[in-house]
Every structure is written in structure tokens, then in C-alpha cells.
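Produce the complete structure using the sequences and hints provided.
Protein chains in written order, with my numbering: chain A, 678 to 813; chain B, -9 to 83.
Keep in mind the hints are simulated off the structure, nothing from the lab. Errors might be hidden in some of the hints.
Covered stretches of chain B (in silico footprint by chain A; criterion: 3 or more residues with CB under 8 angstroms from a CB of chain A, positions within the stretch not fixed) [stated by the list, open to error]:
(1) -1 to 13
(2) 20 to 29
(3) 47 to 55
For each residue, glycine too, the CB sits at the ideal point set by N, CA and C.
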Amino acid sequence: MDRLHWLQMLAAAWDAYPLEGCGLLIGAPGGGRVERFVTIDNEAGSSRIYRLDGNQYARAALDADDEGLDVIGVMHSHTHTAAYPSPTDVAEATKPLVPPDWHWVIVSLAWGFPELHSFRIDAGGGIHEEPVGLSI
Amino acid sequence: MVTVSVRLPTVLRPAAGGQSKLSVAGAAVGDVVDRLIEDYPALESNLVDDEGSVRKFVNIYLNDEDIRFLESLETPLSEGDELAILPAVAGGQ
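Right, here's the structure in full:
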């Protein structure tokens, strides 16, 4: 991802604090490069869970589709725990309709400074951290 | 009876012959869902439960508005409306 997207994800986490922040990673279908990050409101309005605002999510996903792009992942923040998928995150990632190749970016604000990590979550619930490359 | 376009998420396209956008006729959202399942039976288990209700992890949008905030499957359709089916996404620490 570009450094801009990385900064936008940290900003989304801080802006939402003390609630969980979230957003969508848009890129080429099935790809791993973020072309755009779209901040989405946390419909759950909670510091412990997030739910992407449905209407904003639909608009961003359909706009991406119109451009030949796709949602390739989801970012959310953890305000009190490490940047690692929780059991809830794994359960959500393995639901039907959620593509198994999505990238799950988590920004932790638990220690005052932000930490960003990205994961793949396979159909069996296996968590695989992946490196995040930054370009300028 | 009007014709609307239905946009499918990537994961459902294989079940609909690889199409991302379909034209489907129906008077209400429920008719369109029934018609989709009739034409593409592989979609059924992804869209509705045993009682015919839309599954919890499925969101259906009519012109960007979640049908749960309209009249759900009873929501009437107008010519040219756009329906979109997307997975609900949530999580938490």
C-alpha cells in the first residue's frame, strides 16, 4: 500500500477513538495492492465491536465495481487489545459471502502509539499474518 | 411487474454463471430474490434460510438503502431500480 493509505488507516483509528474505527481496502479484484482506502462509519458505535455502516459500505463497494476494482479487505481498530484478530474477527471472516482472500488489517491503539498489521484468515479459521509493504 | 438490475458480490458470481449484474423482473424485492433462486439454485443457501428469510449475514440494498430499513422483502420496486447484495461485515476485539 502507499504510505498515504497507511496514514489514512491510522487516522481512521484515531478519529474514531474511543470507538472502534473501520474502513474498506479497495484494489484490483483478488489483488494485494491497496488502490484506495475508504473510511466507513462504525454502525455499532462501540469501543469493543464494529459493524460497517451498511449504506456507506454498499456505495463504496459498488463504486469500486464500476471502476473494475473490488473490495479486497477490511480495516478496523482495536482500542484495548493487540493488532491481532479476535475470535469475533475470525468468526466474521469465515462467514459465507465473505471472500476468503480478503486482507484483514487491524490497527491497535492499545499502547498509545498505533500498530498496524495485516492478516489472511482461511476458511478453517487459521490466522496468517502477512507483511505490509509501504511505497511513497 | 418491473425489471430491475441486481448486482452480485464477487463470491456469488460463480453461482450465477459468472455474471456480476443481472436483469430480473418482479414487483417487490422478495419476487426478485425468488426469481434469482429459481434461475440459479446454487444461490439459495447463500441468500435465504430454511424459512425463506434473508440470512443475517446478507445485506440487500435497494438504490443504496438497506431493505431492512424499508419494507424488507415486501419493498415494492420501480422500473430501473438497482438492487445490490453484499455480505454484512462486522467484528471486534
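Check each numbered hint against the structure and report the violated ones by number, ascending. 2
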